[in-house]
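Student: Residues per chain are reported as follows:
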Amino acid sequence: MHINLTDQPIDVAAVLASVQDDGAGAVNTFIGTVRNQSTGRRVVRLDYEAYDAMALKQMQRVAEQAQEKWPMLRQVAVTHRKGRLDIGDVAVVVAVSTPHRADSFAACQYIIDTIKQVVPIWKKEEYEDGSVWVAAHP
Amino acid sequence: MKLKIALFGIAKEIVGSSSLDLDTPDQQSVADLMRQLQTQYPALRELTSLAIAVNSDYATDDYQLQERDEIALIPPVSGG
Numbered sequence: 001m002h003i004n005l006t007d008q009p010i011d012v013a014a015v016l017a018s019v020q021d022d023g024a025g026a027v028n029t030f031i032g033t034v035r036n037q038s039t040g041r042r043v044v045r046l047d048y049e050a051y052d053a054m055a056l057k058q059m060q061r062v063a064e065q066a067q068e069k070w071p072m073l074r075q076v077a078v079t080h081r082k083g084r085l086d087i088g089d090v091a092v093v094v095a096v097s098t099p100h101r102a103d104s105f106a107a108c109q110y111i112i113d114t115i116k117q118v119v120p121i122w123k124k125e126e127y128e129d130g131s132v133w134v135a136a137h138p
Numbered sequence: 001m002k003l004k005i006a007l008f009g010i011a012k013e014i015v016g017s018s019s020l021d022l023d024t025p026d027q028q029s030v031a032d033l034m035r036q037l038q039t040q041y042p043a044l045r046e047l048t049s050l051a052i053a054v055n056s057d058y059a060t061d062d063y064q065l066q067e068r069d070e071i072a073l074i075p076p077v078s079g080g
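Residue numbers (the numbering used here), protein chains in the order written: chain Z, 1 to 138; chain C, 1 to 80.
Don't read these hints as lab results, they were simulated from the structure.
Predicted, not measured: the structure shown is a model, and the values here were computed from it.
Honestly, I wouldn't trust all of these hints.
[What the hints assert, rightly or not] Among the chain Z residues that face chain C by a calculated CB cut under 8 Å, a handful are: (1) A24; (2) V119; (3) H137.
We put the CB at the ideal spot given by N, CA and C, even for glycine.
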């Protein structure tokens, strides 16, 4: 497993290369990027804050859970960005490799969906006229 | 005992600091600490969710805190 948290731009090709496996016929990748609007407001940039030690531990745990659910999973890589990001920047990359494609899609979706629920990383959207911590309030 | 609590995201803004030192009774569960924090900072009650992590893991309500524990308040996460 390749689990990383970084304040530097994510090298997507390097993350993909890290899940290369001779026993895998399928590689599935999710790339989360910063978009320029949210709930009707124009976003100018994002700030991600992380509880580093726990974030790494939780990402590792999610990858392990995926391995239990899909024992055929060959490689898992998760890299999450923190700090200030601009529109179009890559915020997160999840890549998995499996023998066949169906498991690859399913495992990759499980990992990104679960990361968004449990990993202590917080996103602050900066607008032209203010900012909001995402999902903080109902 | 003295507890040190790390704060992130909106919890940091509500408290106005990235960490908080609290004096608590020696027998203090995670639920007790949560009540104390929500009483002291009512804006914490308005969040979508709020959890306490101990030693970089989510803690259950009945966990008995120790002075040496690394404690963090976890407001609603929004990574990805």
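Student: With reference to the structure, classify each hint as holding or not holding.
Tutor: Now for the hints, and whether the structure bears them out:
no. : hint : verdict
1   : A24  : 24 Å, violated
2   : V119 : 5 Å, holds
3   : H137 : 6 Å, holds
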